[in-house]
Amino acid sequence: MEVSTNQDYGSKTMTKVKQRKDTLLARLKQNKIAYFSLWFLIILHLIVFLGPFFWTINPEELQEVGSLAGWSLQHPFGTDDLSRDVFARMLHGGRVTLLVGLAAMLFALLIGTLVGACAGYFGKFVESVLMRITEAMMAIPNFFFVLVALTVLGTSPVMVVVVIALCGWMEIARVVYGETLKWKEYEFVEAANASGARSIRILTKYIIPQIIPSIIVSGTLTIAAAILTESAISYLGLGIQPPTPTWGNMLQNSQQYIWTAPVLGILPGAAITIVVLAYNFLGDGLRDALDPKYVKK
Amino acid sequence: MCVKHTSIPNKKYSGGDEVLRFLLNRLGQSAILLLIVTIITFFLINLAPGGPASTMRMDASPEERQAMVEKLGLDQPIHIRYIDWITNALKGDLGVSFTSSEPVVQRIAERLPYTIELTVFTIILSITIGILFGVISAIKRGKAQDHVINFFSVLGLSVPAFWLGLMLILLFSINLGWLPSSGVGARGADFNFWGWISHLIMPVLILTTTVLPNIVRFTRSSMLEVISQNYIRTARAKGAKESIVLYVHALRNALIPVVTIIGVLIPRLLSGAVITEAIFGWTGIGTLILEAARGRDYPLVMGVTVVITVVVVLCNLIVDLIYSRIDPRVKNV
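Protein chains in written order, with the numbering used here: chain A, 550 to 846; chain V, 770 to 1102.
Not one of these hints is a red herring.
Each computed EDC-like pair below joins lysine to aspartate or glutamate, with the alpha-carbon atoms no more than 20 Å apart:
# : chain 1 : residue 1 : chain 2 : residue 2
1 : A       : K578      : A       : D840
2 : V       : K912      : A       : D837
3 : A       : K754      : A       : E734
4 : V       : K909      : A       : D837
5 : A       : K581      : V       : D915
Listed next, with one range per pair, are the computed distances between beta-carbon atoms:
#  : chain 1 : residue 1 : chain 2 : residue 2 : range
6  : V       : D862      : A       : D840      : 51 to 59 Å
7  : A       : I591      : V       : D862      : 54 to 62 Å
8  : V       : R956      : A       : F671      : 51 to 59 Å
9  : V       : I1087     : A       : E734      : 30 to 38 Å
10 : V       : L859      : A       : K673      : 27 to 35 Å
11 : V       : E994      : A       : V707      : 37 to 45 Å
12 : V       : I898      : A       : Y735      : 42 to 50 Å
13 : V       : I1087     : A       : L702      : 29 to 37 Å
14 : V       : Y1000     : A       : L659      : 41 to 49 Å
15 : V       : R1094     : A       : L573      : 39 to 47 Å
16 : A       : F603      : V       : I1087     : 54 to 62 Å
It should be emphasised that the hints constitute simulated quantities derived from the structure, not laboratory data.
Note that the Cβ used here is the ideal one computed from N, Cα and C, for glycine as well.
Kindly produce the complete structure, drawing on both the sequences and the hints.
Have a look at this one:
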């Protein structure tokens, strides 16, 4: 008997958890643009990350058809000014761009969550110092610092990721800060406190798991911003350097060939726009779906 | 930034005294912010591999190198150099540019007006359009207009400014030949109105797209919040016309917080100005920092960063001051 009640209890919580997940996805499904963006992004990431295994042309290798060649079966998007295959460069460039966006987002999440959670949880001196820094970082034009830092520290992919993340964690910190303030007042956190758990354990085991939905929303929007920043600094020639392709640095020289090979200028820009658009729609959709004020249509 | 809303004013208004205290408080905070910015930038530049001495030509002889190091005081420890720099900066001397041998202050003063011109037009345009679309979007919530405006807001947030600029140049300069693709137009004696405006149109449009979506979304949510308030229901209940309720009662209160977004947007505007100026060859402060960064002209980099931060801090101060005057619920901390 005892065993079966235990099992019952277990299955009950399982269905409860499952229901919660279902409603999130169901809510997201109602927002057609956001749901479509989710699928679009999944498929696009698959194409970009798996594509190069099937499309085996080296993106840095010069092709026999010559430079600025048009459409053909061998080269669906033609070749660029140095007679490299544009399709292969789009795939490999997409890999780099999306990875930089993803890595910068993860790093920014780490800093933002750390700062926000510490400020919210510890309060007092820690709070005022950390939140003043956050506000100060938001009040200065970051892009100037991105440019200065990359000029001084060099433009390796790691440096690009670090610099973008260092200038993009503040919004996350503010969200996490607000949420931490809210959750630390709950009984289960106070109970953990009373039972003598250490602050670090309370933060990681009790508070941060509650904030994860908000963190996912911020993360989605941060990827969008990071991809845009990466492409902007690449366009200015301070990002990841050629011959490694990124969607941003592919646009660098395209301005000169806009007449002879418009695809060179249009394609990478359109790709950036569509990916960032999809991430933004998904982020907005997730935020609406997680909003407690959400009303079912 | 540092304003708190309280529903009940817990202090009686005590005239200019409070405003003065608020001003001093904010000035103090701003000074600390400025100090930190200069320290970070200065150490970043000076501790970098190579450092300022790496700007020398590769073929420079050891003697020449030594002469330059001494001339620039690079043989001094870094904290001494920083103190030297900050004392001079406080006197209004930001040093001499490496690449042009002109005073940094002079080079910035030449360029700053162009950026101010660009940003002022952008602020005027984006605030008028932004408030209009934000209000339409809020009033028509859930309807087609709202969806269309929302779609274009997200699109505006997503399109890379430099790419949109490229497409505009392709359309208006190359294809149609209506607008010049770069430059600031003739100034001084050769100034003519159409030449000036035609050079401004595309840069202002591009810069506007970088901040417009934020203003639209902010106005929309502010308006929606006000519409759900009790006094709006009261206004409707007493039989006021819907248009009067919306445009007289709601809009006036919805616009108060919109003032704050100007403060938030100024750093964004200046960041956006770097890219916009680069696309259109607009000789403002954005292209100056690019030239300085590419030429590793460190005094110039320092100078531009400091001036930009001062501008941003001052703008924020003014915005906060205006806000505290127009919204009686705001208590300054």
